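*Asks:* Protein chains in written order, with the numbering used here: chain G, 942 to 1068; chain L, 95 to 592.
It is possible that part of the hints are untrue.
[To be verified] With a straight-line Cα cutoff of 27 Å, these simulated DSSO-like cross-link-like pairs (lysine-lysine) come out:
hint, chain 1, residue 1, chain 2, residue 2
1, L, Lys532, L, Lys486
2, L, Lys413, G, Lys1018
3, L, Lys445, L, Lys375
4, L, Lys385, L, Lys419
5, G, Lys1048, L, Lys135
6, G, Lys1038, L, Lys385
7, G, Lys1018, L, Lys339
8, G, Lys1018, L, Lys375
9, L, Lys441, L, Lys135
10, L, Lys441, G, Lys1038
11, G, Lys979, G, Lys1038
12, G, Lys1038, L, Lys532
13, L, Lys430, G, Lys1065
14, G, Lys1016, L, Lys413
[Stated by the list, open to error] Derived list of chain G stretches under chain L, where covered just means 3 residues or more per stretch with a C-beta under 8 Å from a C-beta of chain L:
hint, segment
15, 1003-1015
16, 1026-1036
17, 1060-1066
Think of the hints as simulated: they come from the structure by calculation, not from any bench.
Since the structure is predicted, the reported quantities are computational estimates derived from the model, not experimental observations.
C-beta atoms are modelled at their ideal positions from N, C-alpha and C, and glycine is treated no differently.
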Amino acid sequence: MKVALRIKTENVTDPIISNVILEKKARINILSAQVNEKGGKVLLEVPDEKTEEIVKAFRDFGVEVEVGKIIEILKDKCMECGHCITLCPVDAIFFEKDYAIGLDENKCIQCRACLDCCPTRAIKLYG
Amino acid sequence: MENIRTIEEINDKIRKGDAVVVTAEEMVDIVNEKGSKVAAKEIDVVTTGTLGAMCSSGAFFNFGHSDPPIKMEKLTLNGIEAYHGNAAVDCYLGVTKMHPERRFEYGGGHVIEELISGKEIELEATAYGTDCYPRKFLKTILTLDDLNQAILCNPRNAYQRYATATNSRDEIIYTYMGKLLPNYGNATYSGAGSLSPLSNDPDYETIGIGNRIFLGGGIGYITNEGTQHDPKNKLGTIMVHGDLKQMKPEFLKGASFTGYGTSIYVGLGIPIPILNEGLAKKTGISDEEIKSNVLDYAVGRRNRPVLKETNYAELKSGKVLLDDKEIPVTPLSSIKESVEISNILKKWIEKGTFFLTAPVERLSRDRIFKPLKVVSEIPLAKEIMNVAVTCKLSDDIDTVAKKIIDENVNHVAVVDEDYRLLGISTSFDITKAVATGKTKLSDIMTKNVITTKPEDSVNICAKKLEEHNISALPVVDRDNKIIGIVTSEKISSLLSKE
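Produce the entire structure from the sequences given, and follow the hints as far as they go.
*Replies:* See below:
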């Protein structure tokens, strides 16, 4: 399961993720992490069966957590050109048989490569 | 080739609901299976469709008059500057005109999309005021319904075929063909292949001036051959107009190309009457038969290197083979929407709401697309600069004097360890130092140096030399590192050669 974290600026130096990994004995994969003046944004892949307790553990550390939806292609904006397909390093975006744009949310790692290539700015990331 | 039916006969059948209409995609299979002779007998009309970014586009608006009236001199629509060199309340909004702050994110194309979506647009205009148009300022909110006329004008659409773009550089480049990854990491193309209107009528037998067409979801017309029409290279284009009030955002959408500019996607479809067997055969054209050159867009020249010739079948497969490497390739235009347009047009004709037109004039078949005539190539600073003689701030006057004599120059640039420019000293400065007994370079050098960039033209260099009454310009890069020097002697020698 994909879990997006928003860590407050004052907490970005705390070893929160390590604490949760040790406490919950969970194999957590860090897909992306960004820290700037607004705080930290981290995207994690966590084991499905432990999602609930991991999310609770992060919330207990004061972290904002969003589960599940991490990317959306806005249908009313998308022209279905497919330019994003060649930019996606993990094949999360693809052509359906009728050249409609398909999306496999589970594959997305929020690398952002597709965002500035979309001519109609139809791709939205969550978390 | 002998005609087996006329456009009038086809229109009669449309009126009765008897016309047999297929899309250009369906026609490929029909001609393959039955042959062009049978196909010509059975099929009355073939519909085409395409939807791509059309940077040449814009819209003409008429606002009507305010009271007191204004002859607008400068005007913006949602902050986008419109061209006002028309009559008092007419204007032209170009789709590539960008918002001064939002840049690539919002431009003329987006304003047009918002108008046809029914949204409100802010008009702000200023004027110098005349006896007949005294008003000097106007600010108001408008919707498409408030405008008298709103006409989409697209001087170049329906390119018969187009190039495929890729990038040899080891960094990402942002182009009008999209975001191109380093080292041939991806490729993009434009055009709908076998659905492309002009590829289905390559001799322009039925597509010509005056044709009624599908444009942006409404009705439009072909009004001229398109700009850059290049029939001999199978790169024909058409110019189209249409009433924005009929159009839909699904087929007319503002676009942003990061690092390049804004644009608009325009959906267009043209019906082709099957007047004879030749047209049946031509509309049976397949993706394999329509070629596209893969070009290296990393080369910023008019003629970009052709890496290979491909075709729309390979392009639509999603991979293009380049030197044994499979490169992911996708369109920038929309195949799905192109198919949809050809289907909508088919339905319109089947329902008897759209009739075919014969061209009043044919498109040129021998026009040549010429490059820009440039009467004199203007050299750039980097092309005429000399190697700069440099010294360090710690050097004494004697050392600098020796350099001036040894290198036979008049200017020595003072630089730090990274060759960043700190100052400049001339032979006159050195003479003055000797006369006044000064020994430190920092006391005599000019610190606020007038410099130029390597891409500046020689005209800019000459202007700077004259304005500041100086005889040399250090050429510096973005980090203020010196890369050469342009001297007035060099510019004089260029002029004397002419």
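*Asks:* With a cut-off of 27 Å on the C-alpha distance, tell me whether Lys979 (chain G) and Lys1038 (chain G) pass.
*Replies:* With Cα atoms ~42 Å apart, Lys979 (chain G) and Lys1038 (chain G) exceed 27 Å; violated.
*Asks:* Decide if the proposed pair is consistent with the structure: Lys441 (chain L) and Lys135 (chain L), CA atoms, cutoff 27 Å inclusive.
*Replies:* holds (21 Å)
*Asks:* For the pair supplied as a hint, Lys385 (chain L) and Lys419 (chain L), is the alpha-carbon distance within the 27 Å limit?
*Replies:* Since the Cα atoms of Lys385 (chain L) and Lys419 (chain L) sit roughly 20 Å apart, the hinted pair holds (cutoff 27 Å).
*Asks:* Check whether the Cα positions of Lys1016 (chain G) and Lys413 (chain L) lie no farther apart than 27 Å.
*Replies:* Roughly 25 Å between the alpha carbons, so the hint for Lys1016 (chain G) and Lys413 (chain L) holds.
*Asks:* According to a criterion of three or more residues whose C-beta lies within less than 8 Å of a C-beta of chain L, is the segment 1060-1066 of chain G covered?
*Replies:* That given contact holds, which follows from 3 residues of the segment 1060-1066 of chain G lying within Cβ reach (below 8 Å) of chain L.
*Asks:* Please work out if Lys1018 (chain G) and Lys339 (chain L) have their alpha carbons no farther apart than 27 Å.
*Replies:* holds (20 Å)
*Asks:* Would you mind confirming whether the straight-line C-alpha gap from Lys1038 (chain G) to Lys385 (chain L) stays at or under 27 Å?
*Replies:* With Cα atoms ~23 Å apart, Lys1038 (chain G) and Lys385 (chain L) stay inside 27 Å; holds.
*Asks:* Within 27 Å, alpha carbon to alpha carbon, are Lys1048 (chain G) and Lys135 (chain L)?
*Replies:* Roughly 51 Å between the alpha carbons, so the hint for Lys1048 (chain G) and Lys135 (chain L) is violated.
*Asks:* Taking 27 Å as the top limit, are the C-alpha atoms of Lys430 (chain L) and Lys1065 (chain G) close enough?
*Replies:* At roughly 21 Å apart (the allowed maximum being 27 Å), Lys1065 (chain G) and Lys430 (chain L) satisfy the hint.
*Asks:* Tell me if the straight-line CA distance from Lys532 (chain L) to Lys486 (chain L) falls inside 27 Å.
*Replies:* holds (17 Å)
*Asks:* Would the pair Lys1018 (chain G) and Lys375 (chain L) pass a check requiring their Cα atoms to be no farther apart than 27 Å?
*Replies:* Violated. Lys1018 (chain G) to Lys375 (chain L) sits at ~37 Å, over the 27 Å cutoff.
*Asks:* Okay, the segment 1003-1015 of chain G and chain L, do three or more residues pass the C-beta test at under 8 Å?
*Replies:* Answer violated; 0 residues pass the 8 Å Cβ test.
Comparing the model with each numbered hint stated earlier shows that hints 5, 8, 11, 12 and 15 do not hold.
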